[in-house]
Every structure is written in structure tokens, then in C-alpha cells.
Amino acid sequence: MAMVGEQWVLVEMVQALYEAPAYHLILEGILILWIIRLLFSKTYKLQERSDLTAKEKEELIEEWQPEPLVPPVPKDHPALNYNIVSGPPGHKIVVNGKECINFASFNFLGLLDNARVKEAALASLKKYGVGTCGPRGFYGTFDVHLELEERLAKFMKTEEAIIYSYGFATIASAIPAYSKRGDIVFVDKAACFAIQKGLQASRSDIKLFEHNDMAHLECLLKEQEIEDQKNPRKARVTRRFIVVEGLYMNTGSICPLPELVKLKYKYKARIFLEESLSFGVLGEHGRGVTEHFGINIDDIDLISANMENSLASIGGFCCGRSFVIDHQRLSGQGYCFSASLPPLLAAAAIEALNIMEENPDIFQVLRKKCKQIHKALQGTYGLKVVGESFSPAFHLQLEESTGSRENDIKLLQRIVDQCMNRNIALTQAHYLEKEEKNLPLPSIRIVVTVEQTEKELEKAASTIKEAAQSILS
Amino acid sequence: MRPGPGGCCCRRPPLPNGCVANGELRNGYVRSSSAVAAAAAATATATSQIHHVTQNGGLYKRPFNEAFEETPMLVAVLTYVGYGVLTLFGYLRDFLRHWRIEKCHHATEREEQKDFVSLYQDFENFYTRNLYMRIRDNWNRPICSVPGAKVDIMERHSHDYNWSFKYTGNIIKDVINMGSYNYLGFAKNTGTCNEAAAKILEEYGAGICSTRQEIGNLDKHEELEKLVARFLGVEAAMAYGMGFATNSMNIPAIVGKGCLILSDELNHASLVLGARLSGATIRVFKHNNMQSLEKLLKDAIVYGQPRTRRPWKKILILVEGIYSMEGSIVRLPEVIALKKKYKSYLYLDEAHSIGALGPTGRGVVEYFGLNPEDVDIMMGTFTKSFGAAGGYIGGRKELIDYLRVHSHSAVYATSLSPPVVEQIITSMKCIMGEDGTNLGKECVQQLAENTRYFRRRLKEMGFIIYGNEDSPVVPLMLYMPAKIGAFGREMLKRNIGVVVVGFPATPIIESRARFCLSAAHTKEILDTALKEINEVGDLLQLKYSRHRLVPLLDRPFDETTYEETED
Numbered sequence: 001m002a003m004v005g006e007q008w009v010l011v012e013m014v015q016a017l018y019e020a021p022a023y024h025l026i027l028e029g030i031l032i033l034w035i036i037r038l039l040f041s042k043t044y045k046l047q048e049r050s051d052l053t054a055k056e057k058e059e060l061i062e063e064w065q066p067e068p069l070v071p072p073v074p075k076d077h078p079a080l081n082y083n084i085v086s087g088p089p090g091h092k093i094v095v096n097g098k099e100c101i102n103f104a105s106f107n108f109l110g111l112l113d114n115a116r117v118k119e120a121a122l123a124s125l126k127k128y129g130v131g132t133c134g135p136r137g138f139y140g141t142f143d144v145h146l147e148l149e150e151r152l153a154k155f156m157k158t159e160e161a162i163i164y165s166y167g168f169a170t171i172a173s174a175i176p177a178y179s180k181r182g183d184i185v186f187v188d189k190a191a192c193f194a195i196q197k198g199l200q201a202s203r204s205d206i207k208l209f210e211h212n213d214m215a216h217l218e219c220l221l222k223e224q225e226i227e228d229q230k231n232p233r234k235a236r237v238t239r240r241f242i243v244v245e246g247l248y249m250n251t252g253s254i255c256p257l258p259e260l261v262k263l264k265y266k267y268k269a270r271i272f273l274e275e276s277l278s279f280g281v282l283g284e285h286g287r288g289v290t291e292h293f294g295i296n297i298d299d300i301d302l303i304s305a306n307m308e309n310s311l312a313s314i315g316g317f318c319c320g321r322s323f324v325i326d327h328q329r330l331s332g333q334g335y336c337f338s339a340s341l342p343p344l345l346a347a348a349a350i351e352a353l354n355i356m357e358e359n360p361d362i363f364q365v366l367r368k369k370c371k372q373i374h375k376a377l378q379g380t381y382g383l384k385v386v387g388e389s390f391s392p393a394f395h396l397q398l399e400e401s402t403g404s405r406e407n408d409i410k411l412l413q414r415i416v417d418q419c420m421n422r423n424i425a426l427t428q429a430h431y432l433e434k435e436e437k438n439l440p441l442p443s444i445r446i447v448v449t450v451e452q453t454e455k456e457l458e459k460a461a462s463t464i465k466e467a468a469q470s471i472l473s
Numbered sequence: 001m002r003p004g005p006g007g008c009c010c011r012r013p014p015l016p017n018g019c020v021a022n023g024e025l026r027n028g029y030v031r032s033s034s035a036v037a038a039a040a041a042a043t044a045t046a047t048s049q050i051h052h053v054t055q056n057g058g059l060y061k062r063p064f065n066e067a068f069e070e071t072p073m074l075v076a077v078l079t080y081v082g083y084g085v086l087t088l089f090g091y092l093r094d095f096l097r098h099w100r101i102e103k104c105h106h107a108t109e110r111e112e113q114k115d116f117v118s119l120y121q122d123f124e125n126f127y128t129r130n131l132y133m134r135i136r137d138n139w140n141r142p143i144c145s146v147p148g149a150k151v152d153i154m155e156r157h158s159h160d161y162n163w164s165f166k167y168t169g170n171i172i173k174d175v176i177n178m179g180s181y182n183y184l185g186f187a188k189n190t191g192t193c194n195e196a197a198a199k200i201l202e203e204y205g206a207g208i209c210s211t212r213q214e215i216g217n218l219d220k221h222e223e224l225e226k227l228v229a230r231f232l233g234v235e236a237a238m239a240y241g242m243g244f245a246t247n248s249m250n251i252p253a254i255v256g257k258g259c260l261i262l263s264d265e266l267n268h269a270s271l272v273l274g275a276r277l278s279g280a281t282i283r284v285f286k287h288n289n290m291q292s293l294e295k296l297l298k299d300a301i302v303y304g305q306p307r308t309r310r311p312w313k314k315i316l317i318l319v320e321g322i323y324s325m326e327g328s329i330v331r332l333p334e335v336i337a338l339k340k341k342y343k344s345y346l347y348l349d350e351a352h353s354i355g356a357l358g359p360t361g362r363g364v365v366e367y368f369g370l371n372p373e374d375v376d377i378m379m380g381t382f383t384k385s386f387g388a389a390g391g392y393i394g395g396r397k398e399l400i401d402y403l404r405v406h407s408h409s410a411v412y413a414t415s416l417s418p419p420v421v422e423q424i425i426t427s428m429k430c431i432m433g434e435d436g437t438n439l440g441k442e443c444v445q446q447l448a449e450n451t452r453y454f455r456r457r458l459k460e461m462g463f464i465i466y467g468n469e470d471s472p473v474v475p476l477m478l479y480m481p482a483k484i485g486a487f488g489r490e491m492l493k494r495n496i497g498v499v500v501v502g503f504p505a506t507p508i509i510e511s512r513a514r515f516c517l518s519a520a521h522t523k524e525i526l527d528t529a530l531k532e533i534n535e536v537g538d539l540l541q542l543k544y545s546r547h548r549l550v551p552l553l554d555r556p557f558d559e560t561t562y563e564e565t566e567d
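So the sequences go chain by chain: C and A.
Reminder that position 132 of the first sequence reads as 132 in the UniProt record's numbering, one-by-one numbering, no gaps.
Reminder that position 463 of the second sequence reads as 463 in the UniProt record's numbering, one-by-one numbering, no gaps.
To be clear, the hints were calculated from the coordinates, so they are not data collected in a lab.
Predicted, not measured: the structure shown is a model, and the values here were computed from it.
It cannot be assumed that every hint is accurate.
[Stated by the list, open to error] Per label pair, the in silico range of CB-to-CB distance:
{"id": "1", "chain 1": "A", "residue 1": "E112", "chain 2": "C", "residue 2": "P360", "range": "25 to 35 Å"}
{"id": "2", "chain 1": "C", "residue 1": "K266", "chain 2": "A", "residue 2": "Y161", "range": "37 to 47 Å"}
{"id": "3", "chain 1": "A", "residue 1": "F95", "chain 2": "C", "residue 2": "E119", "range": "49 to 59 Å"}
{"id": "4", "chain 1": "C", "residue 1": "Q364", "chain 2": "A", "residue 2": "E524", "range": "32 to 42 Å"}
{"id": "5", "chain 1": "A", "residue 1": "E111", "chain 2": "C", "residue 2": "K410", "range": "28 to 38 Å"}
{"id": "6", "chain 1": "A", "residue 1": "Y167", "chain 2": "C", "residue 2": "N231", "range": "44 to 54 Å"}
{"id": "7", "chain 1": "A", "residue 1": "P359", "chain 2": "C", "residue 2": "K189", "range": "47 to 57 Å"}
{"id": "8", "chain 1": "C", "residue 1": "G294", "chain 2": "A", "residue 2": "G256", "range": "23 to 33 Å"}
Using N, Cα and C, we set each Cβ at its ideal position, and we do this for glycine too.
Work out the full structure: start from the sequences and follow the hints.
The following block contains the structure:
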């Protein structure tokens, strides 16, 4: 039956073809041609997109020329040829064969060549050797590390401290231990390079506020609050941090901590405070910027500082409440994955802390000396003093730029060289120009230490003034 | 840094040397157009459970024996069950803690800041709270002596299940140290190195208080760098204050946006961080697998950058000499052949291999008899073999000049402490024989002997041991979470300090104990350690290996053997 039916359909179709009008047939013919053409052109395109043959790939590989591993550095690049210091880099320093008074090393308390510190380090060296041969987790924790952590916590009046074996790695590891992708960090524009690297490693959203401009910070916090209200679910899991320095490495100015603490509670953002310059400098007992402003240290979530300035050792530490600090023992990359601090350096830091605790007057002396040279340098021809009068590291910048950074640096270097010739060791502040988020202006960085006598400070000031006068006028 | 295997785990997922029953992964040697007639023999045992690769011809001048025995199925299942039980109990106890039925020991947020967004997610700490905390006493054991062949450990007790420790004041004396990276035995408090360091400490002090580019470049640093360059056989070198930072602060100076980094999946955290900070694109190849690396290289050059389709500016391969968790040695001859073929650059991290490999301790390059000039960036640390601290980078003069100007460390970080520098100088001269003695050379030989002996004995006992037969890092597989803690404690009871590691440092089922050999270990010490390990191995039933004796490896490569492995 089916067969018969189909035959009928076929016959009908043929009949219909005969009966169909001519225009209909022509139209259908064109359509068929069109389809054939489409099919044809499509196959053509497919051919064009076909994969590369092995030979073509080889040719591409043959063709490819990579850039050189590193671009060549001109032989006379100012940063290529380092100053060579022979002997200890203490108060008297021999730079490129010339004995100078040191106004460049961050040896604020003069503990670098302190006999007691050396003795303590030596005793440790005789007991433990030099290296630790392991990270903290794997037999790299020494009793001296535990002692140093306890002493630092006690000194800072916090619950806990954690030590790192490298100053730079301290804040750079601490920030990404807490702040993750999606979190928001409000950070001062003048923040030092270690903070910048920590922020980059955290992959958080970064909001820069103008240097020490609390109004701008509040404005950004408010904006964020409005944003949070739009998306409260996201806001509930977005951590907010404010990262600031006690005394800024790049500007020598102090952070307005009381206002920051107010903003912290108002907008519920945690404060991380970098105190490498202010620890062992500010405050009655050298506890830093919290003591300077009389702020409860528990109001700051995390304080980090290196032990390479005031303590004249190597390494860094973070301190705060156990709830905060303990987290770094498993999440701080520079803590977990690096060999621990050589015990002799920990012992040196402990002895340095002892000296600081025994002589709280030392901080007064340091501040007095800072003020003295600060005052003496006012009115230097062509140079302006940048930084707080109590900051032991501050900057001399050109009043008027020559218009190009390169020339400014050359000019300042001439002043540095002339001072060096007159036995005052100075250095420009060095930066990686392409890497810095907000490149500071070229400057000479003056460092004051307690070892510099009034006479030496006077001499330094007058030497700098003369040099500036002769070179800039 | 390394993914845990998901689902079925009867086979180690990234089979490390590519010698697998898989057509695509043929033995992992380079198939370059040149006559690389590398003869390889895959041990195709009937069950195909051990994956060995031996290469005697072509690129390799010496046998290259590396083994990663497969995890037995039953062990893998039990391990997962173990984690399952731990996780269930974890949830139960979290529930009890939440309703204050169980006392909370961990530190809590300040009352004033309770309404802040929590500093870390509770969930993140589930593992720490419920798994790590149970066996926390195996880590951070404080010591109070030189980290030499024997070490004194401070005894501690916990009355609250490891939430806090109290020191009893007792000292566990003369514990055999199988944990420190003291490969050549330079961690000492006597001898010439120590005396020299002491002299420099008295003269210079401990700190520097400045950076290299400003006023912290001592004559001692220059002396050290010249010596390091000579030691490595490169044109120039630069030294840095921290090994971790040497990687994380110099990789960004060398590569950047538009560059490609090809990184081994088991690379150290510092290399991973450096690569991330650089802003370059990162692609990961399977551990020590040359097929995987070659495919990435080829694709990278042929297809260029994603989206923009521009060719890559440069390609940098990141590898380590010895992988510290796996005990494997990088297939350097093949990597160099690939690097040359594809015109890419090679960054070799010799943190564990410098001093520890090669007839005169020059590291993995010397071990394979290669030319140091073929490695573009030679990086290493002073922490391990030299018993000091810090790291270095060696290479051509142009590279080092560039780093002197652009290295983040040189500009922003305090330079190496003078006594540490002196320790490196004296220990390095000792290895080079420049102190007029043979001590250094003997140390290197002693370490090589110790390594072979210790590895062979452990294998004979029936443990599953990972890695290369010449690697002084010896991982012994424990697998189950409960055995991590048990092994560490039982060994300490027997006066032996070992390192045990579990997730996240290893894949979740591949927990292990790790022994680091040292030239300071005498035969007697090693025999004592082996005897105790054997005992604990029986007690904890750790002898998982189904190959009591190492099979003969030097079977020549031929098609029939190869066909067998294909199924």
C-alpha cells in the first residue's frame, strides 16, 4: 500500500512540474544555483582557515626573534657604579677611600658599632654558628627567635610579635596575608616601595589618597560606603584596610594618626602601620608614632617595622593582637617559605632593645639633634628642607627644578660629591623610576644619628650650604 | 601552588617524568631534529607501577635515575577516608564550639571591632583549626644549638591539644637532625668559617643600615660577588640579603608585560610570587615534563600573545635544580636543548642544588657536565650548603649590570650582613679548595656517598621513596594524615628530628616525611637513623612499596618495550 501511495505522489509531482508556470521554474532554478554557490564559497573559506602545517610552524619558530634578555646599560649610568665602603659603615665611614662623617646610613641610635651589641652577637655566633639552615617550620626556630618575638611584643606593649628575616619582606608579606582579591586597600600616595609590592601581591583593589590628606581619604571612604549600600551582600565580605607609614620614607612627614583612628572606627577599616623610620625614634620610649600621639596601640590592627634602622640589625617584625599576628605564621609568605633570621642578628636586636629600654633619654637626644640640623639647613640656597623637624631622615629638594629629572639628579649629585670631598657622607634617595607608582622628586636624604656631635652637625650644615651655594648659584 | 588531585587517585596525576603508559607522553625526552638518539628504557613491569626513566645516550652524560612509585590503590582510598573522617569531626567540633559546648582556644577579635568585616574567613581556617592543630607539635620545634648533624630541641608540652605550648625547661639533647638543609655541614660554631665570621663581626658589626645603591655597598660585598662569579664559572654575580627575595624581587626586573614565563608546576613560592609580581603571562608545565614544556614553547611562538596576537617579547623558563618536596633533579640537558631550539631564556633556581650536586659542588650544571654559559640566569641561596643566609644571581656581565641598576633589592633593601658575607666567603673558598685543604671536596663526596647509601637502604626496607637517586632531599611517603603526626612523634621519641609535610605543601594524598642528608652525618648516625626509621616503619606500616628491590634500569630502549607500555 505504501509503495503505491509513494508512486502516486511522485507522479503528481512530475505532473505539477509540467503544469507549473515558467516564472516559477526559473525562480526555483535560481534558488538551486544560489545554494550551490553558497556551498561552494563556504568550502573555500574553510580551506582558508585551516590549521598551520608543521612546516609553517617551524618557519614561524625559525622567524621569531626575541628581545635580548636585558637591554644594555650605559657604562656611565649613575646607578651602575656603587660607592664602595671600606670597613664598617658606622659613624665614621670610609667611602671610596675617603673618611667621612656618616649622614647617610639609617643608624639612628648609633647601635651599629656598639660594643655591647657586638658582644651579644658574637656570643650567639659562638653558640649557634651563622645560618639557620631552615625555615621556621622545619627546625629553623631558635630559642633566640622566640625571645626576640617576646621582647618585641613586650616593648611595643602588644600581645604578639612575629619576625621576618628581611626588612623589605615584612610589610610586603604581611599585606597579602590578609588582603585578598576583591578587598579594598586605601593607601597613601607617598607609601614606600615595600608597601607597593605588598599591595601588588595582594591583588586587592587599591585606592590612593593624596599624601596625608584626610579629607581626601574620607571622601574615598564615603564613596565606598555608598557603593557598599548598593551591594550590601558584597560589602559584608569585602575587607577594608588603610595602609600608612608612621614617618614616611619618601617625604619625612608624619601620618595624622589620631584622625586615621577616628576614620577607622567610622568606616570600619583596619589600619596597617609601617613604622620602619619611626620605631625606635618617636615617642618617649621609642615605641613609635602611637606613643608619639598617645594612641592606644590596640587601635592599630597591625604595626610592622624593620630592624635594620634603629636596631641596626637585619630583618623586620610585625606586632599586634594574637588574633591578627598569628595568622601570618601560616600565611605570611616571607615567613613560611624563607630561612629564618640568623641567630646572631636576632641576638644583636635583643641587645639593641635592652639598650633602648635602659636609656630612654636617647630618643630625646636624637630629636634634639634632628631639630638642630633641621634649623641650621633652613635658608640653604636653592634647596628646601622637606620633612618633620623631629624626623631623623629628611630630604633636601631643589627649590626650582631644571625641568628634567636627569639634570636635577646630576645637580644634586654634584652637591653630594662636594660634601663627600669635605668629609660629609651623603646620598641621594634612590628610586626605581619606572616602577614607582608615584615617583618622589629627586632629593638628598640626610640622616641624623645620636653619634653626631653638635659640632659635626654644624659642620655638615655649613658644608651643605656652601656646596649648594657654589653649585646652584 | 600545586593542585590536589580530584576524584580517582590510583595514579599520580602529573606523572613526573612522563614515562607513563600513555602514547603521548613518551618518556619525556626531546625529539629535536638533531640526532638526539637518547636511549631510554622504561621499566615496563607487568603492573607498571614504578615509573623510572634512564637515559644514557645523547644529551645525558650520566645515568639519570628517578623514581616515583605509584600510590597503591588501597592506600589512596584509605587516605581519602582518613581525610573524610577528619573533616566530619571538624564540622562536629565546629558545631560544638559554635554552641559553646566545647571551649574555644583560639584568639578572638576585639570586642570593639566585632562589627568589622572578619579579618580572615572562618572557612579558610577550617583546615588549620581541625586538622593542622591536632599535629601542630611536629612543626616549629624550637632548637637551642647549632643546626648540625645533632641538635638540641627544647621540650614543650601542650595542655590544650596543641593550641598553646608550655616549655618545660628541659632540653632534649643530641637529637639526630634529618631536617635542616645543612648539606655540606657548614653549620658549625667552631672552625675557620666561624672564626673568620667572628673577626668580621667584631670589626664591622652586625648590620648595614643602608642599601647597596646608597651607602651600604661594602668592600666585603664586592669581594663576595667576585668569588661567587668565579665559583659558578660565570662572568659576574650579585648577592642579596634573602633567598626568597632574590627570586621575588629580581624576576620582575627581568621580565614584564608582553613576556611569557613558563614555570614548572612545583616551583617554589618565591618563584611563583616573582612571576606574578612581574606582570608577565605565566603558563605552567607539568613537573619536569619536557613534552609539556616543548608544547608550551611551540604554541607560544606560533600563536603569540592571546588577543593581541603580537609575538612574545621574550620567553623565560623557570626551573629549580632540586625540587625540595619531590627530591627530583631538573632534566637540565633537555631543558637547555629546548631553550636553545626555541630561543628562550632559562632561569635556574639552585637553592637546594648548589654545593649539594656535582663532583666539586658547583650544582646541577656541573652534575650534568654542562656549560654554565648555557644557563642565562643562575640563581641560588647561601642558606643551605653554605650555612649562611641570602641569595645570589649569576650570569653574563650585561645581566648583572642591569640588575645592579634595576634590582628591587639593590635599591630598597638592606644589604647582606658582614659576618654572614664572611661565612659565605670562607665556606665557598673551602669548597673550592682555596683554603689549602681538601676538606671541601671531601664534604661534597661525603654527601654524595651518604645520599646513595641512605636512599638505597630505605628502598631496600620497602618504603616508597621519591626522587632522583643523587638527590640529598629524600621524601618518604606516608600518605595518611594520621601517620604524619605519628611518624614525627615516634621519631622524636627515638631522638631523631624529621620533617613531615602534608597538604597544602603536597597534593592532598601524598603526605610525606622528608630527610635532608648532610656531609656532617657519619655512617654511624645514618645507621642509627635507618634502624629507627625501619622500626617506626614497621610500627606504622609504612612499607608500602611493592618492589622490594629496585629493578634493573639500564635496559636499552627499543620499540617492543615501548609498545608494551602503551597499554
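Hints broken by the structure, by number, lowest first?
Result: hints 4, 5 and 8 break, sorted rising.
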